[in-house]
Amino acid sequence: MSQLQEVSVDQYRHLVSERALTGETMLLNMGPQHPSTHGVLRLLLELDGETVISCIPDVGFLHTGVEKNMEAKTYQKAEVMTDRLDYMNTMGNNLAYVMAVEKLVDLDVPVRAQALRVILSELQRIASHLVWLGTSGLDLAAMSMFLYCFREREQILDIFELVSGQRMMTTYIRPGGVWRDVPVEFEKAVRDFIKIFPRRIDEYETLLTNNPLFLDRMLGIGKLDAATALSHSVTGPMLRASGVNWDLRKARPYMGYEQYDFNVPVHTEGDTYARYLVRVQELRESLKIVEQALNKLPLGPVRSDNRKFVPPPRSEIGTSMEALIHHFKLWTEGFPAPKASIYSAVESPRGELGVFLEGDGGPKPYRVHMRTPSFDNLSPLSKMVKGHLVADLVAILASTDIVLGDIDR
Amino acid sequence: MEAKLEPIVKALQAKFGGSFEEFRGEVHYFVQPAQIVEALTLLRDQHQFELLSAQTAVDYWPQTSPRFHVIYQLSSLAQNITFQLRVPVNGDSPTVPTAAGVFDSANWRERELLDMFGIQFEGHPDPRRILMPEDSDGHPLRKDYPLGYEEPQFTFNFEDIDLRKPYAKE
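Heads up: the protein sequence lines correspond to chains V and E, in order.
In this text, residue positions in the first sequence follow our numbering: the first is 1, and each later residue adds one.
In this text, residue positions in the second sequence follow our numbering: the first is 1, and each later residue adds one.
Keep in mind that the hints were calculated from the coordinates and are not lab data.
None of the values given here were measured: they were computed from a predicted structure.
Do not rely on the hints blindly, as some may be mistaken.
As the list claims (entries may be wrong) - Straight-line distance between alpha carbons at most 25 angstroms, and here's what the computed SDA-like set of lysine to any residue pairs gives: (1) K296(V) / E185(V); (2) K68(V) / M1(E); (3) K103(V) / V9(E); (4) K386(V) / R112(V); (5) K339(V) / L5(E); (6) K329(V) / K288(V); (7) K339(V) / I81(E); (8) K68(V) / V58(E); (9) K339(V) / L147(E); (10) K223(V) / P125(E); (11) K143(E) / K308(V); (12) K103(V) / R128(E); (13) K383(V) / L147(E); (14) K308(V) / D181(V); (15) K386(V) / K364(V); (16) K364(V) / P140(E); (17) K77(V) / T171(V); (18) K4(E) / A340(V); (19) K364(V) / L5(E); (20) K308(V) / K288(V); (21) K143(E) / E71(V); (22) K223(V) / R44(E); (23) K288(V) / L47(V).
Using the sequences provided together with the hints, build the complete structure.
Shown next as structure tokens:
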């Protein structure tokens, strides 16, 4: 079928400088088991003393073949695989995949379901940024940040547990709507969070934003200019920290994002501190969206009534023969999608999360490709760290906010 | 077709010929492998497509000519549009010129395509596998690569299970 690839040191030779071969500089392996690589990322560093000469990221330790596996499942069942990609952004991954399916089969979503999707994916964005803030604080020796951020994140995960029964692997957003309507306690839980959270962001900012030790570690470190960022397809907060105002929620609004009033924080410095500022300001903007969406959360159905794609409610199955047939057909065979391909993208906490979906007329996707933002956001790392110290590398890597499940798929 | 996309399709047709298809407002334009670098450069420099959003491939096995489509999903921030280029590639020795000189992100994307589909990118600066181990065999996302799975056991007859199930024997 194909040839076995020979492995030898020679294939790395062009990636390091001549000085590494003479032993003048040192080659150091960082990771894959290292707390500040945020997962199983291996970095091959070439060091001159403490200075990084070159950095070769080695990814793939978490490769699980999700794209291949999805080809063997129906459109509904393949959705559970998307949770496991970027495990910090499960709702957002569900949303990206489900929107692609809906675009492929041309399925409408009720307004209440759209508003719920917005609330939950914005809460997820906050949760994801909190994990980033906590762990990057930890990398820079701000231990208490980690504890504070995880305290608030836990509150969001409790909301997810309330609506979906799961803290992390939610699969709550389904083709044609959401799994089921939110319980009555949902509104109070979200309002409680909206009430306390602005004060908590102030607390984080008091600890970090003007902290001289923090500024020393972040200012001017790991600069990435806009042209390099675009050429590397960097998206999300990293691109906005380099001065490019590009947010898919504003540029191509989906799920009714055009009704909400929010700003897109943009900074021009392109360094680690700018990325910090963009994400912290996004916490406030996301909270604004959650509050507006909750205030005008419309009443009505949460799933499309197109029975060819969306299973009927449980109560109907006992009384309607047709509902029983639809239920049976949908869960045994699945629904067919046209023989065509689409690309649909959403703004995940890390950037453009795109789904390329190709159908073949049957109930299983012929090809799914997840365009995951972490993969491209990591690719300019070697350019960003050149000439910095190893300790700065840790700060730069933290500021890219990568999730290895998202890179390796 | 969206009005903003019409001049782009016209410009591509004038330069490369080729056909396009439309689905749900998306335009997929077909170009030959030899033309892809020129087409990407044209779109980036003349039509403000600054971002190579995604690069992927589809395997149409057992069809062999073309067997693969290499897909370039481009985004224009200035005009707020997307455009897709598709390159049909034959199955016997799939080779496409590299786009790493046009977009830096193509470097890793093409390593992924080499790894997953075995498509060679001519002139690629660093043609190594990226996700699979370097000594692994085959290209998993090809349609003729079997999806491995463990057979569920419907019996407690352990002799029967031992016969069929590949345990690590001590």
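When you check the alpha-carbon spacing of K364(V) and P140(E), does it fall within 25 angstroms?
At roughly 18 angstroms apart (the allowed maximum being 25 angstroms), P140(E) and K364(V) satisfy the hint.
Hinted pair, alpha-carbon criterion (25 angstroms max): K143(E), K308(V). Please report holds or violated.
violated, 29 angstroms
If you draw a straight line from the CA of K103(V) to the CA of V9(E), is it 25 angstroms or shorter?
Holds - the C-alpha atoms of V9(E) and K103(V) are around 23 angstroms apart, at most 25 angstroms.
Please work out if K143(E) and E71(V) have their alpha carbons no farther apart than 25 angstroms.
holds, 10 angstroms
For the pair we were handed, K68(V) and V58(E), check the Cα-Cα distance against 25 angstroms.
At roughly 12 angstroms apart (the allowed maximum being 25 angstroms), V58(E) and K68(V) satisfy the hint.
Within 25 angstroms, alpha carbon to alpha carbon, are K364(V) and L5(E)?
Not OK: K364(V) and L5(E) at ~31 angstroms, beyond 25 angstroms, violated.
Need the status of pair K308(V), D181(V): alpha-carbon distance at most 25 angstroms?
OK: K308(V) and D181(V) at ~20 angstroms, within 25 angstroms.
Would the hint linking K288(V) and L47(V) be met if the CA-CA limit is 25 angstroms?
violated, 45 angstroms
Next pair to validate is K77(V) with T171(V); report whether the Cα-Cα distance is within 25 angstroms.
holds, 10 angstroms
Starting from K329(V), check that the Cα of K288(V) is at most 25 angstroms away, please.
violated, 42 angstroms
Given pair status - P125(E), K223(V), alpha carbons within 25 angstroms
holds, 24 angstroms
CA of K68(V) to CA of M1(E), is that 25 angstroms or under?
The hint is violated at about 32 angstroms.
In the structure shown, a violation is registered for the earlier hints numbered 2, 4, 6, 11, 12, 13, 15, 19, 20, 23, in ascending order.
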